[in-house]
Amino acid sequence: MQPVFIINSSSIASDGTVAGLTMPAVEPDYKEIITDATLRRRMSRFVKMGVACGLECLGQTSDIDAVITATGLGCLSDTEKFIESIVVNNERLLNPTPFIQSTFNTVGGQLALLKGIHSYNVTYVHRGLSFESALIDAALQVADGARNVLVGAIDEITVASTDAQRRMGLLKNYPLGEGSQFFMLAAKADAAPAVCDVETHTGLINSEFAAVIESFVQRNNLRLDDIDCVLSGSSVAEKMFGDKTVDFKKQCGEYQTATAFALWKATQMNCANVLIVNQYQQINQSLILVRR
Amino acid sequence: MRIAVTGLGAVSGIGLNVEENIDALRRKRHGMEKPRFFQTNLDVPVSEVKKSDTELKHLLGVEPDKTISRTALLGMLAAREALSDSQIDAKAMRVGLISSTSVGGMDLSEVFYNDFRTDHSRGRLRMVSQHDCGASTEFIANQLGITGFTTTISTACSSAGNAIMLGARMLKHNMLDAVIVGGTDSLCKFTLNGFNSLMILDKEHCRPFDATRAGLNLGEGAGYIVLQSAETARRKPYCLLIGYANANDAYHQTGCSPEGNGAFKSMSEAIAMSGVKPEEIDYINVHGTGTPNNDLSEGMALKRIFGDKVPPFSSVKAFIGHTLGASEGIEAVYSALSVSRGFIYPNLNFKSPAPETQLVPETEFSEGNNIRNVLSNAFGFGGNDTTLLFSKFEE
Amino acid sequence: MEELIEKLKGELIAELNLEEIKPADIDAEAPLFGDGGLGLDSIDALEIILILERNYGIKIDNPAQGKEIFYSVKTLAEYITAHQK
Chain R
209 MQPVFIINSS
219 SIASDGTVAG
229 LTMPAVEPDY
239 KEIITDATLR
249 RRMSRFVKMG
259 VACGLECLGQ
269 TSDIDAVITA
279 TGLGCLSDTE
289 KFIESIVVNN
299 ERLLNPTPFI
309 QSTFNTVGGQ
319 LALLKGIHSY
329 NVTYVHRGLS
339 FESALIDAAL
349 QVADGARNVL
359 VGAIDEITVA
369 STDAQRRMGL
379 LKNYPLGEGS
389 QFFMLAAKAD
399 AAPAVCDVET
409 HTGLINSEFA
419 AVIESFVQRN
429 NLRLDDIDCV
439 LSGSSVAEKM
449 FGDKTVDFKK
459 QCGEYQTATA
469 FALWKATQMN
479 CANVLIVNQY
489 QQINQSLILV
499 RR
Chain U
17 MRIAVTGLGA
27 VSGIGLNVEE
37 NIDALRRKRH
47 GMEKPRFFQT
57 NLDVPVSEVK
67 KSDTELKHLL
77 GVEPDKTISR
87 TALLGMLAAR
97 EALSDSQIDA
107 KAMRVGLISS
117 TSVGGMDLSE
127 VFYNDFRTDH
137 SRGRLRMVSQ
147 HDCGASTEFI
157 ANQLGITGFT
167 TTISTACSSA
177 GNAIMLGARM
187 LKHNMLDAVI
197 VGGTDSLCKF
207 TLNGFNSLMI
217 LDKEHCRPFD
227 ATRAGLNLGE
237 GAGYIVLQSA
247 ETARRKPYCL
257 LIGYANANDA
267 YHQTGCSPEG
277 NGAFKSMSEA
287 IAMSGVKPEE
297 IDYINVHGTG
307 TPNNDLSEGM
317 ALKRIFGDKV
327 PPFSSVKAFI
337 GHTLGASEGI
347 EAVYSALSVS
357 RGFIYPNLNF
367 KSPAPETQLV
377 PETEFSEGNN
387 IRNVLSNAFG
397 FGGNDTTLLF
407 SKFEE
Chain E
68 MEELIEKLKG
78 ELIAELNLEE
88 IKPADIDAEA
98 PLFGDGGLGL
108 DSIDALEIIL
118 ILERNYGIKI
128 DNPAQGKEIF
138 YSVKTLAEYI
148 TAHQK
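Residue numbers (our numbering), protein chains in the order written: chain R, 209 to 500; chain U, 17 to 411; chain E, 68 to 152.
In isolation and in its complexed conformation, chain R is listed as follows (with noise of 0.2 Å):
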């Protein structure tokens, strides 16, 4: 993969305060950075995190050539209203604002809309490696010659949906996280971060996922003790990196997207290289190589 350089990054993520089982986000006032009244009164919760760290990452950037989003869930909150409504208006009358904004594709939508982007718009809804596959299409959309990539991710935790998962079993070993983080990705910049390498498994074993990670450094002509610092949100990385690993999912919970905050930890270090490892509750692995 040729590197794409992050020029520039937002985040919208916990502080680490653990409430009960979830890790809510610390969000900003909203009306000061989404500033199109007529739009914003529509948005739920997830919309405008997304909307918001969106435009904050846009900034004064033009020439926006694609706008690509990943999330595992999507806008869960105006998915449950809307399913809400049909059950207790019985299918008639409803609402269409809670439909039309549960589309997965509504925060890249709404930035087209709010910025006037008519590139490429794509967004990303594959579990554990919904970021992942955007960050992929996001480095073919740089290698192909686009000048300006936005790529971010969203989740959002309700009640609904944290009391489904602590009965799943998925919130044994980290609270139910949430947030935003945008990346501005372009070919050359200097002294930027550059995303690397992404690869992305389904269903491996701790012993497969090691062999993973081997040779995915080797293929980077790196060597495993090249790595400065891993951000870790899997036990397997734990056990080959040591002292070098720092477990991102404390600070932000787990989701689905939640190696969107730790891409944007990597970019908030100086470290020369970052390894993203992460886990999604044995379902989906995923590797994120981040250089200066």
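Source of the hints: derived by calculation from the structure; they are not laboratory data.
EDC-like cross-link-like pairs, simulated, lysine to aspartate or glutamate; straight-line CA separation at most 20 Å:
#1 U:K188 - R:E407
#2 E:K126 - U:D218
#3 R:K323 - E:D108
#4 U:K188 - R:D352
#5 E:K89 - R:D244
#6 E:K126 - U:D59
#7 U:K219 - R:E299
#8 R:K289 - U:D135
#9 R:K239 - E:E87
#10 R:K239 - E:E86
#11 U:K219 - E:D128
#12 R:K289 - U:D131
#13 R:K323 - E:D102
#14 E:K126 - R:E299
#15 U:K408 - U:D101
#16 U:K107 - R:E416
#17 R:K289 - E:E114
#18 E:K76 - E:E120
#19 U:K50 - R:E299
#20 R:K289 - E:E82
Starting from the structure of chain R, add chains U and E where the hints point.
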């Protein structure tokens, strides 16, 4: 690299495989009727796949009591057909799966929610564990033994077009040797009520591009194609994928701009990428949902590109309904066959053209036409517009 | 009529989630849609159709019909007065 289409698979309200679909199109036999397999109070026609979940599981060799969303079942059926049709050896190559869906396992989530809503300790977890869109894709990958790159795209009604685009781009960058691309969606209360709340469902059989069109009919199904480099194909490709583009209308969350800006941009860019001239396009599979807004906007975009020489075009939505995340998967299959077998499909229920565009679609099935290039459109919420361009394969 | 106009203003603010707008800010004769008025759009028209049916028992089948009826709060009130059973 020449991207070849080497496998096709489709399931819809008019057939459980590709040949059944073509046969119904040929005989003008549509799939619209009152919902049979899912419960709703809404009195609107839909194009359901005419098999129950249990029957679909039987066809797939899946245990009847295994909980699998209908979206995944439909996807498994169509993707299996496409893979087998391509004759590729999934073990000898890097084969990926890029699938799309707009509702994922919503059919099961709705059942779960009935128990869960008043008491969060109730409801069968197995039903909601497939709520997310990725679950259906992982079921399909497992069923087919695909271990390579797998992901899911959801951009409403253009989803499958975008999945096809990503597949082609990954092949060009040598990240995969072959890829199964397309989409799947099952009918559910959520989408049917959603479109009803937008007041864009026609209570009658939809009439794409007709002056009296009053909305769309929903459908369900799945469609996948297999893409690979023409050089590695083990069978004669149906056609080549030589152009694709996604553009954003950036006009309204659900509506299209009256002048069809997004559609104009996606079609123009796909044509430019392919290098063919507009007059070399011999058929267009339009998005043509039958809503006043879509067909007008798409029609305006067609006129902006082709002037008064708009090629033969038609919408198949009156046959299979609007299958949302599956629509461009199924319609890519139809488009590929249009190139390889010279098919032009009938646009049902058309009587008189819209006064604004005066565009008249094809209303009869014909075959053996010399179709050099086919343009295929899929437009969705969030202003998401995708166009694919399929072209004749020559050795 | 005045009473109905005030009631409608309250319903529009609540149902359309018009943040930071008070009933007094809405000119009953100003256009609801497009520039110059409240800047409502086609999705709001669908929500107004629901207000009419739920709160006043008036059914509008075709959103296009709403164009003149929904011109302003006043035209809306007049339509309700004329059609309420």
